[in-house]
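Using the sequences plus the hints, can you model the full thing?
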Amino acid sequence: MARASIEDLLRAGAHFGHLTSRWNPKMAPYIFMQRNGIHILDLKQTQTLLDEAAEAAGRFASKGRKILFIGTKKQAQGVVREEAERAGMPFVVDRWQGGMMTNFQTIRGSLRRMETLRREDADGTTDKLKKKERLMRSRELEKLDRVLGGIADMGKLPGAVFVVDVKREHIAVDEARKLNIPIIALVDSNVDPDLVDFPIPANDDAMKSVALFTRHIADAIIEGQKAGAIERDSAVAEAQSRAADEAKADDAEAKAEAEEPVTTMADAETAARTEAAANKTSA
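Numbering-wise (our numbering), the sequence shown opens with residue 1 and increments by one.
Mixed in with the good hints there might be a few duds.
Label pairs and their in silico Cβ distance ranges [as the list claims (entries may be wrong)]:
1. 105 to 73: 27 to 35 Å
2. 143 to 178: 20 to 28 Å
3. 19 to 105: 41 to 49 Å
4. 232 to 177: 29 to 37 Å
5. 74 to 178: 25 to 33 Å
6. 33 to 180: 31 to 39 Å
7. 78 to 26: 29 to 37 Å
8. 103 to 241: 43 to 51 Å
9. 227 to 130: 50 to 58 Å
10. 35 to 113: 50 to 58 Å
Keep in mind that the hints were calculated from the coordinates and are not lab data.
Since the structure is predicted, the reported quantities are computational estimates derived from the model, not experimental observations.
Glycine residues also receive a C-beta, built at the ideal position from the N, C-alpha and C atoms.
What follows is the structure, given as structure tokens:
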């Protein structure tokens with residue numbers, strides 16, 4: 001996967017932080033300078049930390065883990081959904097429903113309800129209902145799909161989360177931290193980077209910046225999935241080869257045993273008499 005260059009980051013406006021009056025002091029190590037009352041982020045550190053975050057995302061994906069993309073701000077919704085779908089990952093772009101991870105059993109109940117409504121809508125069951133009930137079910141499905149549609153196929157808690165705006169998605173971040181779910185996230189100059197396992201110092205407001213980092217993480221996930229598939233296929237092939245070799249060895253051993261002469265009781269008695277006669281003659 002191609003590394004994001006400093007020029008790429010500059011063109012995306014990734015270096016622009018917030019007003020100096022709104023900064024979080026914990027972001028000091030990642031700030032390059034101030035310009036016109038705005039903090040400018042150190043893109044060399046951004047580049048390095050993006051590499052580390054992408055490597056982590058790829059590693060999680062190679063092990064078959066799902067990475068939940070979270071980006072509910074308007075300028076992030078489109079690209080977060082698009083890149084999550086491209087990578088085959090779950091996403092939340094409408095709003096974060098409290099307990100989506102910490103109360104996942106209840107959320108699974110809502111997902112089953114959504115699946116039932118979809119199925120009944122598709123097989124014509126809904127058409128048999130009265131107009132008012134059809135309308136109520138349609139509105140219910142629309143709401144469920146808007147809030148939970150992106151995690152419809154997420155059968156269990158994610159193996160990691162990718163967050164565009166840590167401050168806006170603070171509830172999701174808190175839930176992930178409580179459950180020890182690794183967090184990959186953009187951290188702007190107004191954010192506490194200690195909340196995140198794999199922070200990427202960057203502008204989390206500009207659409208180009210959000211798109212660049214989201215796309216990069218999705219690319220890393222796709223590469224990780226491919227690498228994981230190759231590794232699993234190789235392990236299966238090796239196991240099959242080992243089993244075939246063991247089967248051949250067992251067959252050879254069985255054949256050798258079958259070809260060995262079988263000594264019966266009569267053979268033993270004859271051999272004993274012959275040996276006794278030979279001893280008597282020699283005496």
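Against the structure, the hints:
1. In this structure the supplied range 27 to 35 Å holds for residue 105 paired with residue 73, their Cβ-Cβ distance being about 28 Å.
2. Distance hint check: the CB atoms of residue 143 and residue 178 are about 26 Å apart, consistent with the given range 20 to 28 Å.
3. Against the hinted window of 41 to 49 Å, the Cβ-Cβ separation of residue 19 and residue 105 comes to about 42 Å, which satisfies the hint.
4. Remark: the range hint 29 to 37 Å for residue 232 to residue 177 is upheld by a beta-carbon distance near 31 Å.
5. At roughly 28 Å, the beta-carbon separation of residue 74 and residue 178 lies within the given 25 to 33 Å, and the hint holds.
6. Taking 31 to 39 Å as the suggested C-beta distance range, the pair residue 33 and residue 180 conforms, at roughly 36 Å.
7. Taken as a hint, the range 29 to 37 Å holds for the pair residue 78 and residue 26, whose Cβ atoms sit roughly 30 Å apart.
8. Distance hint for residue 103 and residue 241: a CB-CB separation of about 46 Å, consistent with the stated range 43 to 51 Å.
9. As the Cβ distance of residue 227 to residue 130 is approximately 54 Å, the hint placing it in 50 to 58 Å holds.
10. Range check, residue 35 to residue 113: Cβ separation about 52 Å, and the 50 to 58 Å hint holds.
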